[in-house]
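> If you're matching them up, the sequences are chains B and G in order.
Take the first sequence: its position 80, counted from the start at 1, is 90 in this note's numbering, and no numbers get skipped.
Take the second sequence: its position 159, counted from the start at 1, is 1316 in this note's numbering, and no numbers get skipped.
Everything labelled a hint here was simulated from the structure, so no lab data went into it.
Keep in mind that the hints are not guaranteed to be accurate.
Sample of chain G residues facing chain B (criterion: CB under 8 Å; computed from the structure) [claimed, not checked]:
1. L1179
2. R1181
3. A1184
4. G1245
5. Q1249
6. E1251
7. R1253
8. H1255
9. L1257
10. L1372
11. M1375
Heads up, simulated SDA-like pairs for lysine to any residue below, C-alpha to C-alpha not over 25 Å straight-line [said to hold, decoys possible]:
12. K88/B / L1262/G
13. K1367/G / Y1240/G
14. K88/B / V1316/G
15. K102/B / R1178/G
16. K88/B / E1182/G
17. K65/B / G80/B
18. K56/B / F1243/G
19. K88/B / V1196/G
20. K1175/G / L1366/G
Label-pair restraints from in silico Cβ distances [as the list claims (entries may be wrong)]:
21. P83/B / H1211/G: 47 to 55 Å
22. G80/B / R1307/G: 18 to 26 Å
23. F82/B / V1352/G: 38 to 46 Å
From a predicted model like this one, the values you see are computed outputs, not experimental measurements.
C-beta: ideal position from N, C-alpha, C; glycine also.
One letter stands for each residue in the lines below.
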Amino acid sequence: MRPDVESYLTLDRLVHEPARLVILTVLAEAEEAEFRFLEKVCGLTKGNLNGHISKLKEAGYVEARKFFRGEFPVTSLKITHSGRKALKKYRKQLNEALQHKPAVSVGTRKSLSSLPS
Amino acid sequence: MNNTLSTPLQAPTEELTKVQRLTREYARFSRDAAGLGHVMGGALIFLVVFLVAHRPVNAWEGIVLGTTPLVWIISKEWLRRRYYQFSGRVTQRERRWHDLILGLLAGFFAVLILAVFLVQKPIQPFSWKSAVTSAVCIAVLLTMPVVVWRYLRAPYEFVPGVFLLALSAFLLSGNIQIASRVAGAFGIVAEIVAVVMILAGYTEHMKFLKLRRKLSAMKEPT
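Only chain B is shown next, with the shape it has when bound in the complex (with noise of 0.2 Å):
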């Protein structure tokens, strides 16, 4: 196989989806978010969002905390180790990927290099 095309089939599919990349790269920029800032921040309706974090759960990418402040209950999320490194190595797959010329616009490579770290 062509190392370009390898390069984007070994993509983490989960981190890939575009919701759950907008909801780890969140995550990684604190030690703990309320599921309420994510739903703000990601424009997901809550449905929408559980499904999401439960698939990152299930792989063990995020921790949740659930607890009552006064009478209501808050869920609070956590990226874990093994999640911050999915998305670091999410993003250093995708960048070298991009290095092997792909078949994106030039204007998508340009901010795609400027991916955050």
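Given the coordinates of chain B, work out where chain G should sit on it, guided by the hints.
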């Protein structure tokens, strides 16, 4: 979800960088930034140091002034939780070494201030009153490393915070003369840092208002 983020290869990564920066800025208000909390702290420190250094303070006034660190920390934490983290709590990433060094440094200052207290305190025959006041002073000083490690982690909070806690220990234990001597000798440094804290707090608050506008402009879930 924003449609522009349909696939990462087409996704404008500026959006991701923006989200990343926004989260980092918002999370700062859980620990390093306190906005109006810093403005209030700076003003309180300035006021207490000025009063203790420049006018005679009686025992009751000493107790009232001695509670200012508590008033400051409670208000700061209240503002943090109820006002600055309005869209759910996001805690800043831990910097264990930084926090540990701050705690140790505060411990060192606590020992130093305790030494000043023991040297400055006039030698008197044993009395229960004197023993109790000394115990109050030592107890307040012993809480200093924990209070600094937990609540005073911003760089410009440290010096005035430690100074205020030391004054508080002297004032609450009735050692007002020692407090006014210490305030007279080192107060100017604490006052300068307090002014810096007020300015930093104001800048942080302005940044927060900008951040709030950005967050409010974000699309509601569809």
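> Against the structure, test the hints numbered earlier, and report the numbers of the ones violated in rising order.
7, 8, 9, 12, 14, 17 and 19
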